[in-house]
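Sequences and hints are given; from them, build the entire structure.
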Amino acid sequence: DGGITQSPKYLFRKEGQNVTLSCEQNLNHDAMYWYRQDPGQGLRLIYYSQIVNDFQKGDIAEGYSVSREKKESFPLTVTSAQKNPTAFYLCASTPEWGKNIQYFGAGTRLSVL
Amino acid sequence: AQSVAQPEDQVNVAEGNPLTVKCTYSVSGNPYLFWYVQYPNRGLQFLLKYITGDNLVKGSYGFEAEFNKSQTSFHLKKPSALVSDSALYFCAVRDNDDYKLSFGAGTTVTVRA
Numbered sequence: 005d006g007g008i009t010q011s012p013k014y015l016f017r018k019e020g021q022n023v024t025l026s027c028e029q030n031l032n033h034d035a036m037y038w039y040r041q042d043p044g045q046g047l048r049l050i051y052y053s054q055i056v057n058d059f060q061k062g063d064i065a066e067g068y069s070v071s072r073e074k075k076e077s078f079p080l081t082v083t084s085a086q087k088n089p090t091a092f093y094l095c096a097s098t099p100e101w102g103k104n105i106q107y108f109g110a111g112t113r114l115s116v117l
Numbered sequence: 011a012q013s014v015a016q017p018e019d020q021v022n023v024a025e026g027n028p029l030t031v032k033c034t035y036s037v038s039g040n041p042y043l044f045w046y047v048q049y050p051n052r053g054l055q056f057l058l059k060y061i062t063g064d065n066l067v068k069g070s071y072g073f074e075a076e077f078n079k080s081q082t083s084f085h086l087k088k089p090s091a092l093v094s095d096s097a098l099y100f101c102a103v104r105d106n107d108d109y110k111l112s113f114g115a116g117t118t119v120t121v122r123a
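Protein sequences appear in the order of chains A and B.
Number 117 marks the last residue of the first sequence (the working numbering); no jumps.
Number 123 marks the last residue of the second sequence (the working numbering); no jumps.
Please note that a few of the clues may not be correct.
Unchecked claim - As a list, the in silico DSS-like pairs of lysine-lysine whose alpha-carbon atoms are at most 30 angstroms apart:
#1 B/Lys-87 with A/Lys-75
#2 B/Lys-59 with A/Lys-75
#3 A/Lys-87 with A/Lys-61
#4 A/Lys-61 with B/Lys-110
#5 B/Lys-59 with A/Lys-61
#6 A/Lys-61 with A/Lys-75
#7 B/Lys-110 with B/Lys-68
#8 B/Lys-68 with B/Lys-87
#9 B/Lys-87 with B/Lys-32
#10 B/Lys-110 with A/Lys-87
#11 A/Lys-13 with B/Lys-110
#12 B/Lys-68 with A/Lys-74
What the hints assert, rightly or not - Residues of chain B placed beyond 10 angstroms of chain A at every Cβ, according to the derived structure:
#13 Thr-30
#14 Gln-55
#15 Gly-63
#16 Ser-83
#17 Ala-97
#18 Gly-116
For the record, the hints were derived by calculation from the structure and aren't laboratory data.
For every residue, glycine included, the Cβ atom is placed at its ideal position computed from N, Cα and C.
This is the structure we're talking about:
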């Protein structure tokens, strides 16, 4: 899993609650990504950030928010507006935007209580 | 728009036999193609990529893939499978103009002893 650390490994959300997933990288990479993985659906892009203080919506951004205040950190908040949050969430990074090989963290599994 | 299809949800082979995992793609420009592997409750690990050049690409752990432009395919192969190759395999593609990756739904490989 290289130099990308995701925490916690498991997370439980109560109805109406916002939760935040942490993603930290020590690879000095400019670009970072958040994906959602559901069985049989592959990975879907939630948000991405090409550089610090910038981020863009991916294909399924509704109900999620992010920030990129530091180069090494790209936290994802799953808000109460996300009605089906149960999934495996993966954070990734690349040295530069458009540089091809993505390096992934070990993931956070989010479940709803 | 770009897309990837992995037509087989599961592939089962005996140890020592050849392993093939199929992938077809659709892009508007020249494709950048990737294979990743995921072990249970872990992030994705990069196996190999095709950008340009030789149509046969060699990667990690004895895997290789053949780019076929006329058939728009990028099948993953290993001449002699190991039990430790049992995992979930993802094909991914992007084209020249869009730096976001599109992932297939994944193929579960089971290698029996």
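Query raised in the report: Should the label of B/Ser-83 as a non-interface residue stand, given a Cβ cut-off of 10 angstroms to chain A?
Result: Holds, since 17 angstroms exceeds 10 angstroms.
Query raised in the report: If you draw a straight line from the CA of B/Lys-87 to the CA of A/Lys-75, is it 30 angstroms or shorter?
Result: violated, 37 angstroms
Query raised in the report: When you check the alpha-carbon spacing of A/Lys-61 and B/Lys-110, does it fall within 30 angstroms?
Result: holds, 11 angstroms
Query raised in the report: If you draw a straight line from the CA of B/Lys-68 to the CA of B/Lys-87, is it 30 angstroms or shorter?
Result: holds, 10 angstroms
Report task. Measure nothing beyond the straight line between the CA atoms of B/Lys-68 and A/Lys-74; if it is 30 angstroms or shorter, mark the hint as holding. Result -> It is violated: about 36 angstroms lies between the C-alpha atoms, which goes past 30 angstroms.
Query raised in the report: Does B/Lys-87 pair with B/Lys-32 here, judged by a C-alpha cut-off of 30 angstroms?
Result: Holds, at about 9 angstroms.
Query raised in the report: Between A/Lys-61 and A/Lys-75, is the straight-line Cα distance small enough, at 30 angstroms or below?
Result: holds, 18 angstroms
**Report entry** Restraint status (C-alpha distance of A/Lys-13 to B/Lys-110 at most 30 angstroms)
**Finding:** holds, 26 angstroms
Query raised in the report: Are the Cα atoms of B/Lys-110 and A/Lys-87 separated by 30 angstroms or less?
Result: holds, 25 angstroms
Query raised in the report: A/Lys-87 and A/Lys-61: Cα distance at most 30 angstroms?
Result: OK: A/Lys-87 and A/Lys-61 at ~18 angstroms, within 30 angstroms.
Query raised in the report: Within 30 angstroms, alpha carbon to alpha carbon, are B/Lys-59 and A/Lys-61?
Result: Given that 30 angstroms is the threshold and the Cα spacing comes to 26 angstroms, the pair holds.
Query raised in the report: For B/Gly-116, which was marked as not at the interface, is the minimum beta-carbon distance to chain A over 10 angstroms?
Result: Since the minimum Cβ distance to chain A is about 6 angstroms, B/Gly-116 lies within 10 angstroms and the statement is violated.
Hint compliance for this structure: hints 1, 12, 14 and 18 are broken, all remaining hints hold.
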